[in-house]
Amino acid sequence: MIWSNILIYFVIIPLLMLGGLALCKNIKQVRAVAVVGATALMALAIYLVVEFLGLRAAGNDAEMLFTEGAVMWFEPLNIHLALGVDGISVVMILLSAFIVFAGVFASWKMDPLPKEFFMWFCLLSTGVFGFFISIDMFTMFMFYEVALIPMYLLIGVWGSGNKMYSAMKLTLMLMGGSAFLMLGILGIYFHSAPAGQPLTMNILEIASNNAVPHSWQYFLFPMTFVGFGVLGAMFPFHTWSPDGHASAPTAVSMLHAGVLMKLGGYGCFRIAIFLMPYAANELAWIFLTLTGISVVYGAFSACVQTDLKYINAYSSVSHCGMVLFAILMLNTTAMTGAVLQMLSHGLMTALFFALIGMIYGRTHTRDIRKMGGLMQIMPFLGVGYVIAGLASLGLPGLSGFVAEMTIFVGSFQHADMFHRVFTIVACCSIVITAVYILRVVGKLLFGAVQDEHHRTLTDAEWHERLSTVTLILAVAAIGCFPNFFSSIITEAAEPIMKLFA
Amino acid sequence: MEFTILMYLVPAMIMFGCGIYGFITRKNMIAILISLELMLNAVDINFAVFNRFLFPGQMEGMFFSLFAIGLAAAETALAIAIVINVYRAVRNVDIRQLTKMKF
Amino acid sequence: MELSYTVLVLIIPVFMFLFLGIVGVKLSKKAAGLLGTTAMGITTVIAYAAALTYFFGADQGQVVDGVRQQLTVLDITWLEFTKNLVIKIGVLLDPISAMMLIVISTVSFMVHLYSLGYMDGEKGFQRYYAFLSLFTFSMLGLVLATNIFQMYIFWELVGVSSYLLIGFYYTLPAAVSASKKAFIVTRFADLGFLVGILILSFYTDTFDFITLTSNPQAAISTAGGATFLGCSVMTWALTLIFMGGAGKSAMFPLHIWLPDAMEGPTPVSALIHAATMVVAGVYLVARMFPVYAVDATALDIITVVGAFTAFYAAAVACVQSDIKRVLAFSTISQIAFMITSLGVASPELHHGVGYMASMFHLFTHAMFKALLFLCAGAIIHAVHSNEMSAMGGLRKYMPICHIAFLIGCLAISGIPPFAGFFSKDEILAAAYANSPLWGVWLSVVAGMTAFYMFRLYYKIFWWNNPDYGHHTPHEAPMTMTFPLIFLGLVSIVAGFIPFGEFVTWNREEYIIHLDWTIAGTSIVIALIGIGLATVMYRKENDIPERLANQFRGLWTAAYHRFYMDELYQFITHKIIFARISKPIAWFDRRIIDGTMDLLANVTNSASFAVRRMQSGSVQTYVWFYIVGAVAVAAITIICLI
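Protein chains in written order, with the numbering used here: chain A, 14 to 514; chain B, 17 to 119; chain C, 170 to 810.
No wet-lab data here; the hints were simulated from the structure. It is possible that part of the hints are untrue.
[As the list claims (entries may be wrong)] Now the in silico label distances, taken between C-beta atoms and shown as ranges: (1) I760(C) / N39(A): 48 to 54 angstroms; (2) I760(C) / M195(A): 27 to 33 angstroms; (3) D110(B) / V771(C): 35 to 41 angstroms; (4) I761(C) / G67(A): 46 to 52 angstroms; (5) I760(C) / I40(A): 44 to 50 angstroms; (6) Q783(C) / D110(B): 16 to 22 angstroms; (7) R478(A) / D289(C): 30 to 36 angstroms; (8) D124(A) / R780(C): 34 to 40 angstroms; (9) L25(B) / W792(C): 35 to 41 angstroms; (10) A105(B) / M195(A): 55 to 61 angstroms; (11) R780(C) / D110(B): 19 to 25 angstroms; (12) F232(A) / A105(B): 55 to 61 angstroms; (13) F80(B) / A802(C): 19 to 25 angstroms; (14) S17(A) / A105(B): 58 to 64 angstroms.
[Stated by the list, open to error] Now the stretches of chain C that chain A is said to cover, found in silico as 3 or more residues with beta-carbon under 8 angstroms: (15) 263-273; (16) 366-376; (17) 750-763.
In this text, a Cβ means the ideal position worked out from N, Cα and C, and glycines have one as well.
Looking at chain A on its own, in the form it has when it is part of the complex (with noise of 0.2 angstroms):
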């Protein structure tokens, strides 16, 4: 049965809370259904940590652990609902459960319409956790449809500045490469198996046989990374991002930002390179050099930028591209580094959009021009968003040194002189990351108090400490213990990754 398998309810959970907040009458009532069904999902994700590393110690070495119960959906087209987790998936869904908590204090004020914002927010997290616990192609594409649409609304109706337009260029832009990603799918399902047998649409089954052509590989792999690629910020599909993030809410932009453009890097590993192994190898030059663009190109570009959302954006093309780059090394550590960096970008930059969401609430501006010495005035957020800066510059025992070390490291392991060269290229970026993040630290914290009027403002509430704080405590749990996850991870990468060797 469904029922027994855990993972199910990482989906229920947030139908559930989407039911209840339909019920309530007052702020009140949904703050307390947002919050306990946020502490649900994160004591859910810590237990199935747990758990999973229990099997594992157990020595249960199937690729996906609690694979029991798959329910067929639909018979023609072979589509279950098919769940199933290994190592990758694991931290994955920590993060999201770890994001979506911070992310309900972080719109503690929502307003107006809280009961609305909260329950598209939720099901936004359903399509999250969905896409992460599926193994089935097809329930993996659904959930992350169902993940993509809440945005436009999130944005279009509880936005800030130019909302409309970019609700409407972030969908569809995404839409669009859902469109490639959706051809992609159903090629893979149609040479999903030898001929003669019965085609399938779980992950682990097309990949064990192994049957697409190498020729549909050739056709097949673009479209599914550049699917995927699309929401992961990879250049040139990346301009859905800065006006995407400029205008959404605080929680949408912690959301979007720490968890859903993970969707894209996992989708492009889960998908492109583990169904698609020979096109990987052939064509990861091709993409190697688009996000090994990305990563400088995002850098320089955060460089100028004066409003601090569009930095962060920015920034985001830079890691998340990282993040598409080390997959693309294709070796085992390289592929952990991506994943550490998925971890890590997502606490970091959600810490950010936070933080940033809670300055604009007290400014009303986000342009750092017209800000400046606010560390005398909100001690607690300066203190958070330098802590935020030094993660994403790479400071030890924070989250970003662990990534992009293993990142650089495994990508330097690659025999080929193409491969190192374009890391060096891509090492270049933490000096740059540097630059801009330190240029919005020094005019935004430091120096005198730009506005008279901004002394009169107050430092962060309870709640807005308790998001920080759990964000905070998350960065420095991944970098200072960072064998913990790398380890879970490199374990299940390196099945995948034997497939290059």
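Since the structure of chain A is provided, determine the placement of chains B and C on it from the hints.
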């Protein structure tokens, strides 16, 4: 005189043509409604006629025209109600003027 | 192992940092300061215990066959990249790390103590002590590193603590931009370090220092003669690693951050930018020395960079007017001495004396330079200015400070029996052993050192006697003078330590014997420098002014540090920002985003064009329908016929 199938079909076709003409050219919503009825009735006649001449032993065509008549009555009632309401709201039944709900 | 308690020197400061950082604001200033200082005191005791046990303690395998061993007393896996490439966090005790333990803990403790007085009443006193603890932790972790990646980790942490401390007065724009500059310049250098590590580890498949240095020939040969742009990859790797060191140690042309870093509180300058962090580059090269020793090209690069920097910085120091800047350039120059000394060291020459000399100078320099900076702090504290013009005749007001400063100046100038004489003499010996060119070069720089240090000394304590008004300068409080006295004493006696017995490149004993030709020459040169300074600056006169006018162009160029900052400013703002970042941002908004918008707009206008057909009028639709139906019917019929 022998009644051939054509003697029924030609008037029905004329009726249908009138209905289409009226539907396209009239501005008054009531007139459009009447044209619609004309077309429906032309089709009903066809049903009955084909049934009578092609499958004399069966009754499906007859029943269908009866059914269509009932349906037409209901539809007209609904349409008239809408027209009256529209008239009440905007004091006008000219279809070309009623653009308020557009875009 | 018994020495494993050494790890406490890391744990105590990091705990103190977290404690003071998180709950510090709730403590009173006094409590926070005392707590931080006490913790540092305990750390110092442990560090001394560890170092002394290592050098003199009961045998635990420190010395085997007259060779001091490298003891890995702790090694915890921190992050596993591949089977062999593992970052470990550990503690490596060997002669240089034990020596550094003493240097860092001594200076750090003195600075903690000194800051109690100096920083009294400052806002953010708790934060200051938290950062000092963070720095001490990082610096100790750096020197105790067992592998190159651990060193890199702490290297970065040191950089951040330096950033935080330079920018301690974060409301002052100068401090903010100085801290930013320091971080970014060193980050740029660290990029080289990182790439160097990547290359090195790619070929040797290890990060571990002991594995790398115990058989450097094998490590180098793993590259199998691979070359990149005409140089062997190993030379690239080692040079890039040295680039990291050059950044931290402020070697030309990456030195520009150090003078600006003087915006930080003076005790911080003493600790970080004089005694400990800036010698990290020297330490790095020393740590990897066996590997460098195999690669002559890399060593030559090091020598040239070091020698040039030594001269350049000394020349600039001669004309600066801010006393901390003079000290900063003198630091650059002295560190360049150490670097050059490593560069000219070679196992075949003179028993690799350059290595020992470099470490010896590092040790003595840390003491007397910290002393000089702390004196400068006391002076600034007294007259509330960094400029020489605001000082003069201070010997009457601040006798202790005066004596201490004089000791420092004599030590750095290389006058016996002060500490600097012995170590500098060894460096000169090593340089002459390598080539007379470097020997003469460094002797000249040593003379310049004596000149600018005494210029500084006379300008502060003699020169004229300005009217201080009712704001008479006075001696600093006890917490500040004690470190001065202590470091002054150390600066006098440190030279008599038989350093060669403890630290040599192959960790075997080496007996220092003064070469009196070299020593005598250098004393004479130093005395000439001092004499010149005495003539020019002892009493207020117009010789300096006239000289400056005589060589106006040279003087101005030196005063502006030969326009290196302007050059950097030009490169970053005019080239990187204006010519790279701006166009990229424009390209992104206009071209990439424009393409996307164009697609949307084309779709939009296309739909506007066909919108006319969607009139909403059913009658029109029926027309279309009928015309269509007739057309289809007609076509069908025609086709059938």
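Quick rundown of the hints versus the structure:
One distance hint, 48 to 54 angstroms for the beta-carbon pair I760(C) and N39(A), holds here, with the actual separation near 49 angstroms. Checked against the given bound of 27 to 33 angstroms, the beta carbons of I760(C) and M195(A), roughly 28 angstroms apart, stay inside it. Roughly 37 angstroms separates the CB atoms of D110(B) and V771(C), a value that falls within the hinted 35 to 41 angstroms. As the Cβ distance of I761(C) to G67(A) is approximately 48 angstroms, the hint placing it in 46 to 52 angstroms holds.
Between I760(C) and I40(A) the CB atoms are about 45 angstroms apart, so this pair conforms to the stated range of 44 to 50 angstroms. Look at Q783(C) against D110(B): about 21 angstroms separates their beta carbons, and that is inside 16 to 22 angstroms. R478(A) and D289(C) have their C-beta atoms about 31 angstroms apart, which keeps the hinted 30 to 36 angstroms range intact. At about 37 angstroms, the CB distance of D124(A) to R780(C) agrees with the hint of 34 to 40 angstroms.
Taking 35 to 41 angstroms as the suggested C-beta distance range, the pair L25(B) and W792(C) does not conform, at roughly 24 angstroms. Evaluation of the 55 to 61 angstroms hint for A105(B) and M195(A) yields a failure: the beta carbon distance comes to about 45 angstroms. The supplied range of 19 to 25 angstroms is met by R780(C) and D110(B), whose beta-carbon atoms lie about 23 angstroms from each other. In this structure, F232(A) and A105(B) meet the distance hint of 55 to 61 angstroms, their C-beta atoms being roughly 57 angstroms apart.
In this structure the hint that F80(B) and A802(C) lie 19 to 25 angstroms apart at CB holds, the actual value being about 24 angstroms. For S17(A) paired with A105(B), a C-beta distance near 59 angstroms keeps the hint of 58 to 64 angstroms intact. Under a criterion of three residues with beta carbons nearer than 8 angstroms to beta carbons of chain A, the stated coverage of the segment 263-273 of chain C fails, only 0 such residues being counted. For the segment 366-376 of chain C, the stated coverage by chain A is satisfied: 4 residues place a CB nearer than 8 angstroms to a CB of that chain, which reaches the threshold of 3.
Proximity of the segment 750-763 of chain C to chain A, defined as three or more residues with a beta carbon under 8 angstroms from a beta carbon of that chain, is established by the 7 residues found.
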